[in-house]
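Make a model of the complete structure from these sequences and hints.
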Amino acid sequence: VFLCATGLVLEQVYSLSLENFVREKLRMHTYVLLSVADNFNGKIMLPRRLSDQRLNTEGDTLIALVTDTQGNESWRSVSAINRHFSLPTPPAGEWLFGRAQDSTGEFYYVSSFSTVWPDEEGGKTTFVFTVMEGIDSYRQQSFDYRIAVTLGLTLFGLILLAVQAVILRWGLRPLQEVAADVVAMNKGELGTLEGRYPKE
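Heads up: the sequence shown at position 20 corresponds to 37 in our numbering, and the numbers run straight through without jumps.
Derived by calculation from the structure, the hints in this document are not laboratory data. Glycine included, each C-beta is placed from N, C-alpha and C at the ideal position. Where hints are given, some of them may not hold.
Just the calculated beta-carbon pair ranges, DEER-fashion [claimed, not checked]:
1) Ala179 / Arg116: 38 to 46 Å
2) Met62 / Gln87: 18 to 26 Å
3) Val18 / Arg116: 31 to 39 Å
4) Leu178 / Gln29: 19 to 27 Å
5) Gly205 / Leu185: 25 to 33 Å
6) Pro215 / Val18: 29 to 37 Å
7) Asn89 / Thr121: 16 to 24 Å
8) Asp153 / Ile98: 16 to 24 Å
Structure representation (structure tokens):
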């Protein structure tokens with residue numbers, strides 16, 4: 018029971034660490050997009066080709082979108098072509114992290130950041146920068162970790178049981194010797210207990 022509880026705790030800790038890692042990773046992608054973006058008369062402008070080749074590869078699981086507060090799309094990465102999402106809009110200046118599903122049924126980790134962007138004419142427009150990455154690769158990592166923890170704790174449990182068996186056998190040897198002498202006395206083979214035994 019203790020080892021099973023330990024395995025569950027380790028899995029929960031790993032899941033939280035993995036989600037924190039993904040959250041920070043998607044934030045870094047968002048910062049990169051913000052650094053190369055520009056607002057031109059209320060429209061967001063981004064390079065056609067980005068530094069991360071995954072965003073430039075059609076069908077890749079790393080996706081980036083820019084929308085306005087009404088959900089109207091202003092820009093999308095090449096990897097987001099032919100994919101459709103229904104995403105919540107965070108309040109201006111805030112981050113939102115969670116999961117979403119596209120029109121094909123695939124699940125993604127989603128990080129959205131809403132920012133108010135000034136243009137050259139003094140106007141301001143709110144844009145939502147969203148970066149997503151497919152969950153499947155992380156599911157495989159979680160599965161591999163779960164297998165490793167299960168095998169490790171099982172091996173540890175077997176070693177622990179073997180050590181306990183040796184300790185019990187060694188610790189109970191005086192009782193076994195007493196029991197053998199008592200049996201010998203009952204059979205008349207021994208007159209008294211002659212061995213040196215612990216007082217207890």
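*Against the structure, test the hints numbered earlier, and report the numbers of the ones violated in rising order.*
Violated hints: none at all, because every hint is consistent with the structure.
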